[in-house]
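Colleague: Listed below are the residues making up each chain.
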Amino acid sequence: MKKLFGIALALLCAHLSEAQEEIVLNGKELFGDLQARQIGPALMSGRITDLEAHPTNSRVLYAGTAGGGVWKSSNGGASFTPIFDQHAQSIGAVAVDPSDPDKTIWVGTGEVWTRNSTSYGDGLYKSIDGGVNWKKIDVFDKSERISSIEINPNNSNEVYVGVLGALWGDSDVRGVYKTSDAGATWEKILYTDLKTGCSDLLMDPTDPNTLYAAMWEFRRTGWDFNSGGENSALYKSTDAGKSWNKIHNGFPEGKLGRFAVALAPSNTSILYAAVEAEKNADKGLYRSDDGGQSWTHLNKDFELVVRPFYFSRIVVDPKNPDIVAKGGFLGSISRDGGKTFRNLGQMHPDIHDILFDNKDSDRIYAATDGGVYRSWDGGTTFEIVANIPVSQFYHISIDDKEPYNIYGGLQDNGSWYGPSRSPGGIEARDWNVVGFGDGFRVEKHPTKDIIYTEMQGAQNVWRISTETKRTKTIQPLPKAGDPKLRFNWNAPMAISKVQPDRLYIGSQFVHKSEDMGDTWEIISPDLTTNDPKKQNAEKSGGLSVDNSGAENHTTIFTIAESPLDEKVIWAGTDDGNVQVTRDGGKSWTNTIANISGLPANTWCYHIEASVHNKGTAYAVFDGHTSGDMNTYVYKTSDFGSTWTSIGADNIKGVARNIQEDYVQPDLLYLGTEFGLYITINGGKNWNRFTNNMPATAVHFIDLSEKSHDLVLGTHGRGIIIIDDISPLRQINQLVLQENVHFFDTKSTIISEESNFGSTSTEMEFVGPNPNQSAKIIYYLKKRHTFGKMKMDVYDSEGNHMIDLSPGKSKGINVVTWNYRIKQPKIAKGNSLTFGGFTAPRVPAGKYKVVMTKGKETYETELELINDPKSPLTSADRIALHKTTMELYEMSEQLAYLVYRIDETIETAEKVVASGKSGKKVAQPILDDLNELKATLVVTTGQGNYVGTAEPELRGKITALFSKIASGFEKPSASEMENFTLLKTRFNDAKEEYEKIEEKKVAKMNKLMKETKLEPAVYKSFDEFIDN
Amino acid sequence: MAICFTAVASAQTADEIITNYFEATGGYDAWGKLENMKMVAKVNQGGMEIPLEIVQLNDGRQYTKISLQGQSMYQGVFDGEVLWNTNFMSMQAEKADEESTMNQKLEANDFPSDLYDYKSKGYTVELMGTETVDGTETHKIKVTKEPTTVDGEKVDNVVFYFFDTDSGAIIMAEQEITQGPNKGVIGQTMLSDYDEVNGLYFPFSITQGVKDGQSQPLLIESIETNVEIDESLFAFPESGE
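Chain order of the listed sequences is A and B. Each residue of the first sequence is one higher than the one before, starting from 1 at the first, in my numbering. Each residue of the second sequence is one higher than the one before, starting from 1028 at the first, in my numbering.
Next up, chain A with everything else stripped away, as it sits in the complex:
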C-alpha cells in the first residue's frame, strides 16, 4: 500500500512538473483563427515570369510570377487562382506533362529575369494532382533559379531540367539535369563551370532525344551586373543528353551573352535564336532552317536586343513557323519568319513571356511587369487580367485616419495609396496613383494631407498635396562643394514622429529638411564605406551596358529617428554600416564592429528604433547580393554599443524588415524572403505565420496604433493585413497553461455606415474588408472535438440574445457577432415578405458571453459602443430601438394571430364537414376568418417575384420594421404616422378575431363538445414563438 502510494505520488509530481514546463507552440498551433487578409491591389498586378498552356484544353493555363507564386486559370485566362502559396514564390518555369496534362505539373522556382530586385527560389516541385499538393525534389535545394523543364511527351518518367543557378555567387548546381524515373534520381548531363548556367532548354517534341541547351555566363553583385563571357554557348544533343555539340555555325565569335531560343512546333527543323554578342552589329535574331547546323542573322531591331538578362524569350506560333514573337521592352511579332517585326499591342511594358493558344493563334497571352495580358486578335490589342494581385511593394506605410490608408511603392508600377476598407470591398477604384516609374518609399506627413513619394534613385521625390492636388519635386540637389550624391535605387526616406514637417532622405549622407523638402541640410559625413570599386554602376551590364541606376552602391538604405528622442537617429548602409547619432547629427558612431557573427559589408536592410526605450533598436541584414542567404536579426539596448542576435535556425529567407510591437516589447514581427515570422518572447522562438499568408517576400511591415492591425508590404502578393493582433500581446505562459482563456478585446463601435456595394466587374479582384463585428477571442489549449460546445450571448439583464458557433481550434479562436438578434417570427402567407428577414441590432452596452464546453462553462464580457461621431442623441437611439422592437413584437403578434386563425379555420372545416348542424355554426366562422385573414397576409398570387400579390398588413408592418431597424435615425414623423396606422389596423384585426372567437367560435366549441369532436388546442404565444 505504502509502495503504491509512493508510486502515485511520484506520478503526481511528474505530472505537476510537466504542467509547469514551458509551453512552446509552433505557428499552426498558436495562431488559430488569426487570418491574413490579402487586399491586393491587382489593378496594376505585378511581374509575371512564365506562361504555360495545357496542351489540349484551351481553358487551362498557368502563370508563374516573380514573387507571387503560380496561378492557374481554368477559364481561358478570364481569371486566375493561386496554387502554390506554401512554397517559394519566385518562379522560373512551370511545365505541364504532355502525357498527363490534367494532373502532373512541375514548377521550377527562382526567377530567371535577373534584375537587381529579383528574389530567389529553393528548388524543384512536382504535383500529381493538378496543383493541389506539391512535393519538393531535394536535389535542387540550392538551384536558386530554374529556367526550363522539358518532359518527354512519350514518357512521363523522362524529364530534363535546366538550372540557371545562383545569381550572386559561384555554384555547381547549374546546367542540365535529367531523370528517367519521374524525379526519384537525377543526373547532371551538361555542366560548364561555377559561373555558367542553363538559361534555356528545348526539346524537339517530334524527337524527344533532340535537345537544345543555352548556357549563359553571368553574375550580379550589389553594385554590378555582368552578362556574357567565353563560356556562354548554345548546345545540341541528339542522343537524349548523352553528348552535346556547340552549334555556333553562323554566330559571331568572341564573348557571348544570353541566348533566347525557340523552335517552331509545326516544323522543328526551324529554330530562332536571339544572340547577345560583343559587337552591336552581331546582336539580334538568328534563324536556322536545319535544326541548328547553320544560322542566318536576320534582324537587330531594338526589341530583339534590348536587355537580354530581362527579356530572352522567343515564341513561335504553334501552327505557322514564320510567325514569331519575342519578349522585350514592348514585345514584338514577326509574320515573315523573323525578317521584320512590329511591336505588340499596347500593354504594360517589359514583356517576359508570350503564349499562343494551341488551337487558335489569335488568342495570345503576355507576361509583363504589370500582369498577364490577353489578346483576341493575334496581338494587336491587349487587355489585362484583372484578378492577379501580385503587386511587388518595396515599402509601405500607413496613416492614422479611420479607416487608415496604406501607402507604398511598387516595382515598375509607381507609387500608390488606398484604404484598409471600403464599401463593398477594396477595389481598383479605391487606389490612387502618386508617382511614376518604379515606386519605393512613400511616407504620409503625420499631420497634413501631404504625401512624399519617390522614383528610382531619388531622381524625383514628390511632395503631393491630396487636398489641393498640387505636386512639387523636392529631392535634395547638390550645392557648391558637395560631391556627387549617391542615392540607392531604393533610396530611404523617413519622417519624424516629433517634428511633423521634418523629412529625411539618404544618399551617402543623411539629408534633413525641416520644411517638408524645400530646404535641405546634410547632417552627416559620408556614412558608407565609400569604396570606389563599388561605384561604377554606369558601366554595369557586361555585353549589353545597362545603366539604369539599379547598381548604385555605397549608399544609405535605411534611416530611423527615435520616436522617443529626435536627436537619436540611426542610418544603415547597403555596404554594411550601422551608424547612430545621439546629438541630432553632430557626431556619428559606426556600431558595425559591435555586431558579431555578421559577415563584413552585409547590406543593412532596415533599422527599427524602439518605442519603448531610446537606446533600443533592431537591425536586419540581407547578404543575398553576396550569395549569403542567412537570416540576420539583431537588437541593441545601448545605442549600438552591444548587439545581440535574436534570430533562430527555423527562420527561412533573408531578413527584410522588423517591426516592434507598440505595447508588448517582446512581441516582434519579422519579414523575410519567405514570409512573416512572429516571436512573443523577444526572439527566443519564432513562429512562421501561415494563415492565408503565402510564402512571399515581406519587404516592409507597419503596425496600426489605433486598430492594432499588422500591415505587410509584400514583394509579390501586394498588401497583406492581419487585423487586430492584440491577442498576441496577451499570450504568456500563464495563458498557455489554461484550458480556456478569454482575451481582453477592445470595445466594438456599432458602425452606422451604409453603402450600395462595389462597382467592380465580375472578374476584377476585390480585396476583402475587415470584419467589423464584435469579437470574442479566446485561447483553447486543446482542439475541441468531442461533445457539445456552444456559445450564448446575454444582455445585462440576463435575456438571451443569440447563440453563436464557437471556434474549436487549438490556439487562438475568433468568434464574431454582428450585434443582432435573430429576425422576428413572421406570419405564414402565400409569399415571403422580405422586410421580415431583418435582424435588428441590439443597443450599445455590455453583454455577457457564456461558452459551454462539455460540463464546463466559461464567461466573458463584450462591450458595444455607439460611434462617437454619430449625430444621434441618446433620446434618438431610445426612440429608434423602442419603435424597432415594437414593430418586431407586432410582427410576431401578427404571426400568432394568423396562426390562431389558421388553426380555427382548420377546426371549422372539420366541423362543416361533420354535418348540417356543424355547417350551420362553422360556415360563418370560415367566411369571417378567411375574409379577415386576406387582409392580414397575402393569400393569393404565386412565388416571390413577378407573380406575387399586393402586400397586406404583414408586408406593411415588416416593411416599416425593416426601414426603421436598418437605419440610424430617430423614426421620422412620417414613419411614426405610418406606425400608428399599422398599430390601429393590427389592434382592429385582433379585436375582430377576438369578437369572432368569443361569439361564433364559442358556439362551435359548444357543438363540438356535444358531438364529441376534438376542440382546437392552441399553443401559447411563447410556445408558438419558440417552435
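These are computed hints drawn from the structure, not numbers from a lab. The model shown is predicted, which means the values in this text are computed figures rather than measured ones. Virtual Cβ for every residue (Gly too), placed ideally from N, Cα, C. Any given hint could turn out to be false.
Dumping the calculated EDC-like pairs for lysine to aspartate or glutamate here, alpha-carbon to alpha-carbon at most 16 Å [what the hints assert, rightly or not]:
id, chain 1, residue 1, chain 2, residue 2
1, A, Lys853, B, Asp1222
2, A, Lys775, A, Asp649
3, A, Lys788, B, Glu1248
4, B, Lys1092, B, Glu1258
5, A, Lys790, B, Asp1222
6, B, Lys1210, A, Asp102
7, A, Lys135, B, Glu1158
8, A, Lys782, B, Asp1193
9, A, Lys781, B, Asp1193
10, A, Lys781, B, Glu1164
11, B, Lys1146, B, Glu1248
12, A, Lys1019, A, Asp902
13, B, Lys1092, B, Glu1125
14, A, Lys822, B, Glu1164
15, A, Lys855, B, Asp1222
16, B, Lys1210, A, Asp129
17, B, Lys1181, A, Glu909
18, B, Lys1069, A, Asp803
19, B, Lys1169, B, Asp1042
20, A, Lys103, B, Glu1180
21, A, Lys919, A, Glu909
22, B, Lys1167, A, Asp129
23, A, Lys586, A, Glu566
24, B, Lys1210, A, Glu22
25, A, Lys790, B, Glu1180
26, A, Lys788, B, Glu1076
27, A, Lys472, A, Asp531
Here are some chain A residues pointing at chain B (derived, C-beta under 7 Å) [to be verified]:
id, residue
28, Thr468
29, Lys472
30, Phe786
31, Met789
32, Gln823
33, Leu832
Given the structure of chain A, go ahead and fit chain B onto it with the hints provided.
Modeller: Just chain B now, kept in the frame of chain A:
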C-alpha cells in the same frame, strides 16, 4: 464521451485509419445498418437565421428543406433519378441540369460516408502523411472516387480527410472546387462536437467554407437515425406545387 475514441498505435495504413474511425464511432457493422438520418439545423446569414431539415437515405435519396415564414423550400432533392430544387422566385420545383444530376447519381452510394466500404465502390485511398489542422496533428488521407463531369469534361473527384492522430476522429475534409467562379479554390469542411445518436457518433458542428476564406457554420440541433421518412417528398412534383 471522448473515451469512446481510443488512440491507436502509430504506423497505420490508410485502411486501418479509416476502419478505426468507423469502429471508434460506433462500430463498422452498426454504421452498415444505418438506414437514414434526419438532421435539424440552422445557418445564420448576416443575422438572418435559416432553419434546415436535412434528410439522407442509404439508397442515395436526400433532401434539404428550408423553412421561412411558414413556407417550405427544397434544395438538393434527389429521388435516385432526378435532382431538383425549389426556385425561390417562383417557388416552383425545377430540375437540376443533366451534368449535376449525373454527378449526384455517383454520390448515391456514399451513405453513410464515401469512406464506408470504399473498396467495393472502387474508390482508392492513400495516406499522404501528417498535417497540422486546427493546431492538431492529423493523418491526411486522399480518397479518389469516380470522376465527375464538369462543363462537359471528366474531372477527378478527390476528397482529402484529416483524422486526428490522437482520437482517430475526422476533423476536416478538403475538396477542390471544380466548377463555378471559385473553381480551383479548396473547399474546407471542419467537423467537431462529436456526440452519440443511437450508438453512432456524429459531428454536431459542421463548418463549411473555403480554405483561408469565409466559412459558414451549421448549428446542428438534433440528429435522428432510422426514422420514418415521408417518401413522397423526394419525387419531383411534376405539376409544380
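Colleague: Does each hint fit the structure? Answer for all of them.
Modeller: Verification of the supplied hints:
For the hint pairing A/Lys853 with B/Asp1222, the CA-to-CA distance comes to about 13 Å; that is within 16 Å, so the pair holds. Of the supplied pair hints, the one linking A/Lys775 and A/Asp649 is violated, its CA atoms being roughly 35 Å apart against a limit of 16 Å. For the suggested pair A/Lys788 and B/Glu1248, the alpha carbons sit about 10 Å apart, so the restraint of at most 16 Å is met. Restraint check for B/Lys1092 and B/Glu1258: the C-alpha separation of about 14 Å stays at or below 16 Å, so the hint holds.
Straight-line distance between C-alpha atoms of A/Lys790 and B/Asp1222 comes to about 13 Å, which keeps the hinted pair within the 16 Å bound. At roughly 14 Å between alpha-carbon atoms, B/Lys1210 and A/Asp102 fall within 16 Å of each other, so this suggested pair holds. Between the alpha carbons of A/Lys135 and B/Glu1158 the distance comes to roughly 14 Å, so the proposed pair stays at or under 16 Å and holds. This hinted pair checks out: A/Lys782 and B/Asp1193 have alpha carbons roughly 11 Å apart, not beyond 16 Å.
Using a Cα cut-off of 16 Å, the hinted pair A/Lys781 and B/Asp1193 holds, with the two alpha carbons roughly 15 Å apart. For the given pair, A/Lys781 sits about 14 Å from B/Glu1164 by alpha-carbon distance, which is consistent with the 16 Å threshold. With a C-alpha separation of about 33 Å, the suggested pair B/Lys1146 and B/Glu1248 falls outside the 16 Å cut-off, and the hint is violated. At roughly 12 Å between alpha-carbon atoms, A/Lys1019 and A/Asp902 fall within 16 Å of each other, so this suggested pair holds.
A hinted pair counts as satisfied when its Cα atoms are at most 16 Å apart, and B/Lys1092 with B/Glu1125 does not qualify at roughly 22 Å. Taken as a hint, the A/Lys822 and B/Glu1164 pair is broken in the structure, with Cα atoms around 37 Å apart against an allowance of 16 Å. This hinted pair checks out: A/Lys855 and B/Asp1222 have alpha carbons roughly 14 Å apart, not beyond 16 Å. Taking the CA atoms of B/Lys1210 and A/Asp129, the gap is near 15 Å; set against the 16 Å cutoff, the hint holds.
For the given pair, B/Lys1181 sits about 56 Å from A/Glu909 by alpha-carbon distance, which is inconsistent with the 16 Å threshold. Distance hint between B/Lys1069 and A/Asp803 is fulfilled; the C-alpha atoms sit about 11 Å from each other, no more than 16 Å. A C-alpha spacing of about 11 Å is found between B/Lys1169 and B/Asp1042, which places the hinted pair at or below 16 Å, so the restraint holds. Distance check on the hinted pair: A/Lys103 and B/Glu1180 sit about 14 Å apart at the alpha-carbon level, within 16 Å; holds.
For the hint pairing A/Lys919 with A/Glu909, the CA-to-CA distance comes to about 9 Å; that is within 16 Å, so the pair holds. The suggested pairing of B/Lys1167 with A/Asp129 holds, with an alpha-carbon distance near 15 Å, which does not exceed 16 Å. A distance of roughly 13 Å separates the Cα atoms of A/Lys586 and A/Glu566; the hinted pair therefore holds under the 16 Å criterion. As the CA atoms of B/Lys1210 and A/Glu22 are separated by approximately 44 Å, the hinted pair breaks the 16 Å bound.
In summary, the hint linking A/Lys790 to B/Glu1180 is not supported, as the alpha carbons are separated by about 43 Å, beyond the 16 Å threshold. Proposed proximity of A/Lys788 and B/Glu1076 is contradicted: the alpha carbons are some 20 Å apart, above 16 Å. For the hint pairing A/Lys472 with A/Asp531, the CA-to-CA distance comes to about 34 Å; that exceeds 16 Å, so the pair is violated. Here the hint on A/Thr468 is broken, as its CB sits about 41 Å from the closest CB of chain B, past 7 Å.
A hinted interface residue such as A/Lys472 counts as satisfied when its beta carbon comes closer than 7 Å to some beta carbon of chain B; here the least separation is about 43 Å, so the hint is violated. Satisfaction of the interface hint for A/Phe786 is found here, the shortest Cβ-Cβ separation to chain B being roughly 4 Å, below the 7 Å cut-off. The interface hint given for A/Met789 is met, as the beta carbon of that residue sits about 6 Å from the closest beta carbon of chain B, less than 7 Å. Checking A/Gln823 against chain B by beta carbon gives a least distance of about 5 Å; that is within 7 Å, so the hint holds.
Nearest Cβ of chain B to the Cβ of A/Leu832: about 5 Å, under the 7 Å cut. The hint holds.
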